[in-house]
Amino acid sequence: MSELGDHVESAVLIDHHVHGCWAPDVDVPAGDRIRFESALNEADTDPVTAVGDGFDSQVGFAVRAHCAPLLDLERHVGADRYLARRTELGEAEVSRRFLRAAGVSDWLVDTGFADGLVDTGELTATSGGSTHEVVRLEEVAEQAAAAPGDYAAAFDEILAERAAGAVATKSVLAYRGGFAGDLGDPPPALVDIAAQRWRDAGGTRLTDRILLRFGLHRALRLGKPLQFHVGFGDRDCDLHAANPLLLNDFLTDSGDTPIMLLHCYPYEREAGYLAQAHPNVYLDGGLSITHLGAQATPFVGRLLELAPFRKILYSSDGAGPAEFHHLGARLWRTGMTRVLDGFVADGEWSAADAKHVVDLIASENARRVYRL
Amino acid sequence: MSELGDHVESAVLIDHHVHGCWAPDVDVPAGDRIRFESALNEADTDPVTAVGDGFDSQVGFAVRAHCAPLLDLERHVGADRYLARRTELGEAEVSRRFLRAAGVSDWLVDTGFADGLVDTGELTATSGGSTHEVVRLEEVAEQAAAAPGDYAAAFDEILAERAAGAVATKSVLAYRGGFAGDLGDPPPALVDIAAQRWRDAGGTRLTDRILLRFGLHRALRLGKPLQFHVGFGDRDCDLHAANPLLLNDFLTDSGDTPIMLLHCYPYEREAGYLAQAHPNVYLDGGLSITHLGAQATPFVGRLLELAPFRKILYSSDGAGPAEFHHLGARLWRTGMTRVLDGFVADGEWSAADAKHVVDLIASENARRVYRL
Amino acid sequence: MSELGDHVESAVLIDHHVHGCWAPDVDVPAGDRIRFESALNEADTDPVTAVGDGFDSQVGFAVRAHCAPLLDLERHVGADRYLARRTELGEAEVSRRFLRAAGVSDWLVDTGFADGLVDTGELTATSGGSTHEVVRLEEVAEQAAAAPGDYAAAFDEILAERAAGAVATKSVLAYRGGFAGDLGDPPPALVDIAAQRWRDAGGTRLTDRILLRFGLHRALRLGKPLQFHVGFGDRDCDLHAANPLLLNDFLTDSGDTPIMLLHCYPYEREAGYLAQAHPNVYLDGGLSITHLGAQATPFVGRLLELAPFRKILYSSDGAGPAEFHHLGARLWRTGMTRVLDGFVADGEWSAADAKHVVDLIASENARRVYRL
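Protein chains in written order, with the working numbering: chain G, 1 to 372; chain F, 1 to 372; chain P, 1 to 372.
One chain only, chain G, in its complex shape:
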């Protein structure tokens, strides 16, 4: 391995957007095939129906290549053997191995999606790293809808309380109609009307644009970084409306609050442009890198195009099987080494340049922006 490769391998990461891994479940073996294969497909929210559908994919091959050795199996082992070994070890031991192998010092945990996942305390204990909370705005909205009295006041109070112990907020606007249209701060009278309508309808799964916009602008006032799901995700997301270029006017009016564009596939080049155009915009390639597997390297290269190097972060967006928390790091490290070794071999970058950029993305940018 190149000296640069050694540097990348030993870099301690801040995973600035992640969820918990699966909580051990006495009713489901750790190697349950339908559950595991379904988790290998991010976009299709229905369970897989045919054995092998999940494993016949880039991420399925990556699990067999890169995760098997951590379970004492040979590289590229068959899926049956892999799952049997998962059951033998149990979820807790599997998670312990993968989380510790990721080389992450700090996990910034979006707690808005937590069903069946460990909480931040368990993640700390299992991984040996620190955890920090990221508050999901749409969850705050649901809490405000369930609270008594004025919606806006309740939202502000809950947000203030939750954000006090958190490092950032997160929006899943991409899943609630996307980025097209007016994203300005709505007038209070409209917020009142929309809140009343939503409360009357039950106050679950926020899709009202007025209230979504209200939440974003309240988050901007906090000053803490605001994360946006961008691009690739599950089928609820209309990918055409999750193009970050549609956020351009919002970004222009977002002041100094750092805005973090997450995932970004297939819009990573568009996101890089926005990171150059707006002094407060950042991006990562989390989740995308994991699902690209053997094709992650050119994607990692494209993250290094227009975005200034102080605006790029690392995340895994791992959720569920702890393989994802590990693969995010594993494939990012490999991709960075291949891309940067190429730049250095071509004489385009010095080796010192390359190490500097590795350090920025691995942890320095996140440490600065999140004030860790």
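Everything labelled a hint here was simulated from the structure, so no lab data went into it. Any given hint might turn out to be false.
Remember, identical chains collapse to one label, so a pair may be satisfied in a single copy or spanning two.
Claimed, not checked - In silico SDA-like cross-links for lysine to any residue, where the CA-CA straight-line distance does not exceed 25 Å:
#	residue 1	residue 2
1	355	83
2	224	142
3	355	103
4	355	74
5	355	192
6	224	4
7	355	33
8	355	51
9	355	81
10	224	138
11	355	298
12	224	161
13	355	154
Chain G is already provided as a structure; the job is to place chains F and P on it using the hints.
Quick look at chains F and P alone, frame taken from chain G:
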């Protein structure tokens, strides 16, 4: 060549979307320069006006590199010599050589574009492979417009009759206004009105959205795979409206009928996302690979991103010069070998993984989905 | 270096879209850090605030790699040393070195952005190359607004006079609302009304769609090539509305006038499609190549996809620091050599094919289209 390369070279293909090659024409020499060079430009439907315009392109260079040896010429031979040799051999012999060199066992032939092309019987005879029909929905519509009585009933009757002997249907909605807007099943009363209006206007070249949507939903009921032209094609296609992400709602409501996204350039990553998100969505890179020539390899790599490997198929979309039927296969094989050799060399995939994926894309996926 | 590399290195270029370099300024040292680092960020129009923000980017690393040796510094020298040397040499000497190193025989200068830049006479003197003017249509419009009498007549008169001594026109419609919507020739009565409204409002920074369209169609009548800013640029540009596919109808109706799509990132593949679909459409990757730095090579490859090779041109879009005039050429040469060496090594192109394409893009296409 690598062992994997041998495997790719010997894979027998199912070309799941193709047209006939040129029928021999006593009035036009096989090496007619304007006709041949014009065929090298897919997008511009006007004849080329300057000698060399067609050959000065990726596909023109690919013809000289990969087709010349099959006509007993040296690789990279000049265009003049190439065309002279075409004339010497004649269209029938040229077609015989290229079709047989493609290594295709089954051709799924879209008969909706057939002007000057051989029919399926001649394609069988010349290629030595089997042929199967793909019925173009817009052609069924024109036949229904010309039939007596109720349009919808006539459409159903003609579609049932034609589809009985066919393996799939095909839509060129991309060329008839694109994918934006409502693609729901229109109410019968609207279909009646639209059909009357179209019949009054002559009943040719269907562009009415109501009737286009009607045809799509009738095809869905058949259960046989429904192919969509997506992305790159000729100038009649508004490429901005041929982004497959605009099909998302239609795909969500399409039930179990397999939907095949064809060509896909420059939206191959978007199409791959849809193939992951929807259990009944598949994709290929036919036509695009041919026209990309020396740049086909990274495109083949991008086809192997989010799409599960059981959802990717092979096609050439060859139409006209039989060079295209051959080049589709030639460039796909080379691209696959280069991409997968890279994955294996990097330790990302095992060699067995790579062969498995080759087999899936070469024929297994098509055989399963089309029930061949 | 390969023989092909030698051929690329010695190719004399026509830079078909460029601006002046910085004029020497007695009040600002040539190595002024804020000014220089701000110039390294194309998209963010505000000055950089933190030292290093500009240099920590692909173009910043490219300056240190490729420009430092021309200032007698070692490759990859630190930013402080680089800027100090710039001040030592002074702007005039710095410009002289970079402009002459670019290997450009002819500069086609967009004079519509000239603040703080040398004029065409100085560019000729400093570079040793010839200069030719490109007239910016929106500047003609402002001159017509300031002229007495009928707006349309004034526009025609000014355009005729300025274009007589120029080789092309240029539109920044991308910065004035983008390409979506009707781009047809507006009726004279509407032009009169819009012109009156604009004059009443002061007649600066044209954003009125009627008048923008009017200018485009007047330019089409000239017959001289019409350049469009496409894609990547500064923050004033709504990148989502700068997708060249939105120009499709305009291009279809543009007759024989050559239309040049500039920059194109991240829409270079879409632009290549348009260059194949429309006989009068051309493209380049100027500005994008410079800012991509070490990642320029795959971008250069993507420029060589669907666009016929007679439709691709070279430009730097250099403006300001003469480093950009040099880097455009430096990174284009390196990218072309790497991409084409790969094509030849793979057996896809002959070495003669590669040299032919280099010659077309370096100068032959520009010489033919601009009648130089």
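Checklist entry - When no copy is specified for residue 224 and residue 138, does a C-alpha distance of 25 Å or less occur within a copy, between copies, both, or neither? => result within (16 Å within a copy, 41 Å between copies)
Checklist entry - Is it within, between, both, or neither for residue 355 and residue 154, if the alpha carbons may be no more than 25 Å apart? => result neither (47 Å within a copy, 59 Å between copies)
Item to check | Same-copy or cross-copy closeness of residue 355 to residue 103 [CA-CA at most 25 Å] | outcome: within (17 Å within a copy, 33 Å between copies)
Checklist entry - For residue 355 vs residue 51, is the C-alpha pair at or below 25 Å within one copy, between two copies, both, or neither? => result between (43 Å within a copy, 19 Å between copies)
Next on the checklist: I want to check one pair: residue 224 and residue 4. Are their C-alpha atoms no more than 25 Å apart within a copy, between two copies, both, or neither?
Outcome noted: neither (33 Å within a copy, 52 Å between copies)
Checklist entry - When no copy is specified for residue 355 and residue 81, does a C-alpha distance of 25 Å or less occur within a copy, between copies, both, or neither? => result Between. Shortest inter-copy distance 20 Å satisfies the 25 Å Cα cut-off; intra-copy 38 Å does not.
Next on the checklist: Regarding residue 224 and residue 142, is the shortest C-alpha distance of 25 Å or less found within a copy, between copies, in both, or in neither?
Outcome noted: Answer is within; shortest intra-copy Cα gap is 21 Å, inter-copy 44 Å.
Checklist entry - Is it within, between, both or neither when you check residue 355 against residue 83 at 25 Å Cα-Cα? => result Classified as between: cross-chain Cα gap 23 Å, same-chain 37 Å, threshold 25 Å.
Checklist entry - Checking residue 355 and residue 192: alpha-carbon separation at most 25 Å within a copy, between copies, both or neither? => result Neither. Shortest intra-copy (52 Å) and inter-copy (60 Å) distances fail the 25 Å Cα cut-off.
Item to check | Status of residue 161 relative to residue 224 across identical chains (alpha carbons, at most 25 Å) | outcome: within (14 Å within a copy, 56 Å between copies)
Checklist entry - For the identical chains here, do residue 355 and residue 74 meet the 25 Å Cα criterion within one copy, between copies, both, or neither? => result between (31 Å within a copy, 19 Å between copies)
Checklist entry - How would you label the pair residue 355, residue 298 (within, between, both, or neither) given a Cα cut-off of 25 Å? => result This pair counts as both: shortest intra-copy Cα distance 19 Å, inter-copy 23 Å.
Taken one by one, the earlier hints fail for this structure at numbers 5, 6 and 13, listed in ascending order.
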